[in-house]
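Participant: Sequence:
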Amino acid sequence: MYMDTKKDLDSPQARLKQLRQSYLERLPRRLDRLEYLISTIPVDREYAEDGAAVRSGLNMTYQEAHKLAGSAGSVGLRSVSDAAKQLLDVIDGWFSTSSRDPDDKQKDMLVLVQSMRTMDFDQEPELDQRFFPGSRKIHIIEDNELVANEMLLWLEAAGFDAQVFLSATIYGDTFEVLPTPDLIIMDVIFGNERNAGPRIIEFLKRTVGRLPPVAFLSVRDDMEARLAAFRSGASRYVAKPITQTELIDLAHEFTDRRDAPPFRILMVDDDETTLQVNQVIMEQAGLAVYPVSDPMNALEAARAFEPDIILLDVIMPEVSGTELAAVLRQDRRLDPVPILFLTTETHPDQKIMGAALGGDDYITKPFDPDYLLTTLLSRARRSRRLRELIKQTEGL
Numbered sequence: 001m002y003m004d005t006k007k008d009l010d011s012p013q014a015r016l017k018q019l020r021q022s023y024l025e026r027l028p029r030r031l032d033r034l035e036y037l038i039s040t041i042p043v044d045r046e047y048a049e050d051g052a053a054v055r056s057g058l059n060m061t062y063q064e065a066h067k068l069a070g071s072a073g074s075v076g077l078r079s080v081s082d083a084a085k086q087l088l089d090v091i092d093g094w095f096s097t098s099s100r101d102p103d104d105k106q107k108d109m110l111v112l113v114q115s116m117r118t119m120d121f122d123q124e125p126e127l128d129q130r131f132f133p134g135s136r137k138i139h140i141i142e143d144n145e146l147v148a149n150e151m152l153l154w155l156e157a158a159g160f161d162a163q164v165f166l167s168a169t170i171y172g173d174t175f176e177v178l179p180t181p182d183l184i185i186m187d188v189i190f191g192n193e194r195n196a197g198p199r200i201i202e203f204l205k206r207t208v209g210r211l212p213p214v215a216f217l218s219v220r221d222d223m224e225a226r227l228a229a230f231r232s233g234a235s236r237y238v239a240k241p242i243t244q245t246e247l248i249d250l251a252h253e254f255t256d257r258r259d260a261p262p263f264r265i266l267m268v269d270d271d272e273t274t275l276q277v278n279q280v281i282m283e284q285a286g287l288a289v290y291p292v293s294d295p296m297n298a299l300e301a302a303r304a305f306e307p308d309i310i311l312l313d314v315i316m317p318e319v320s321g322t323e324l325a326a327v328l329r330q331d332r333r334l335d336p337v338p339i340l341f342l343t344t345e346t347h348p349d350q351k352i353m354g355a356a357l358g359g360d361d362y363i364t365k366p367f368d369p370d371y372l373l374t375t376l377l378s379r380a381r382r383s384r385r386l387r388e389l390i391k392q393t394e395g396l
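Going by full-length UniProt numbering, the letters in the sequence shown line up with residues 1 to 396, in that order.
Keep in mind that the hints were calculated from the coordinates and are not lab data.
Using C-beta positions, here's what the derived DEER-type ranges look like:
| hint | residue 1 | residue 2 | range |
| --- | --- | --- | --- |
| 1 | 384 | 323 | 25 to 33 Å |
| 2 | 149 | 169 | 14 to 22 Å |
| 3 | 371 | 224 | 22 to 30 Å |
| 4 | 33 | 384 | 35 to 43 Å |
| 5 | 360 | 56 | 29 to 37 Å |
| 6 | 368 | 246 | 26 to 34 Å |
| 7 | 333 | 233 | 28 to 36 Å |
Distance condition first, Cα-Cα at most 20 Å in a straight line; then the derived SDA-like pairs of lysine to any residue:
| hint | residue 1 | residue 2 |
| --- | --- | --- |
| 8 | 105 | 56 |
| 9 | 107 | 36 |
| 10 | 137 | 246 |
Fair warning: this is a prediction, and the values are worked out from it, not measured in the lab. Glycine residues also receive a C-beta, built at the ideal position from the N, C-alpha and C atoms.
All chains, please: the whole structure from these sequences, using the hints.
Facilitator: Structure representation (structure tokens):
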């Protein structure tokens with residue numbers, strides 16, 4: 001079988017493998033630096049005499065461990081990422097009155113670094129095929145054959161690849177052998193079962209895992225029906241009857257359109273590996289990515305790029321992600337743009353501060369590619385619609 005070697009080497013998966021291999025080659029040097037920083041934290045007589053030196057050493061170690069936790073996870077080294085997070089926990093509790101002696105904590109940290117050198121590395125990151133642009137495949141699950149065929153004709157006329165299933169149970173049983181759709185349009189009621197659609201989706205989530213976006217259609221418009229749908233993971237709930245325009249708009253919203261401008265993502269992170277890996281993943285999903293490794297250049301980049309979403313690492317040199325968010329929010333043009341923080345932090349006070357300074361949400365590192373993309377696509381759609389509405393209002 002003929003293989004296009006150049007195309008294969010340039011594929012997103014090949015690029016991810018190259019980035020991972022390069023990261024593995026540099027990892028021993030990163031661990032050497034982390035070990036050095038830990039060993040220079042004052043823990044003996046100087047500990048009580050020079051609190052500033054202790055805090056400075058802890059801060060530098062924290063920044064290095066934070067970068068390691070994020071970058072290692074991005075290339076699939078989850079065990080290294082988890083160990084780096086344990087280092088962060090030790091530093092967070094360093095000054096606790098009930099904690100162990102500083103000397104013991106330093107030894108614990110050095111043991112953690114040593115363990116990273118001998119770990120069995122996890123599976124390489126893989127791109128989720130259902131985010132690749134171009135298929136526009138839609139599954140319609142509707143037991144009213146007349147309604148189902150009408151929706152099928154509308155979608156096919158608009159250029160979508162649609163398929164009808166008249167039984168929710170059969171769809172649930174055969175889903176794993178079907179080509180993965182970009183969107184599932186599911187009726188709520190099948191026969192005498194009032195919530196059959198949500199039940200099937202919950203079943204698929206348990207057996208298959210993550211699913212494409214799901215839009216529920218139903219003659220029911222009550223709280224119980226809507227709640228059951230969203231608890232099962234609905235992305236949309238539309239009351240019947242659905243018009244042709246509503247259906248096509250729904251399909252366009254959740255499938256990639258080659259004629260639509262790609263969503264623009266500005267990503268600011270001082271770790272080059274994290275930037276490069278996530279740029280590959282996002283670009284393969286059809287997103288336009290502007291990577292910025294120096295946070296001091298973020299404001300200029302945001303003004304020039306006009307992003308739909310801004311991703312900010314929280315801990316960076318010179319300026320933190322929360323400080324940068326506050327600066328970006330001062331620009332009227334950037335104020336409507338959602339800002340998502342990327343961080344290994346899970347503390348509520350950090351999230352409260354981020355929200356107060358202009359952030360919209362947190363994504364904890366390391367994150368699954370499909371979770372990141374689902375979050376970005378959902379936020380970007382709302383962001384673009386909001387900006388279009390603002391422009392229309394200003395034009396009145």
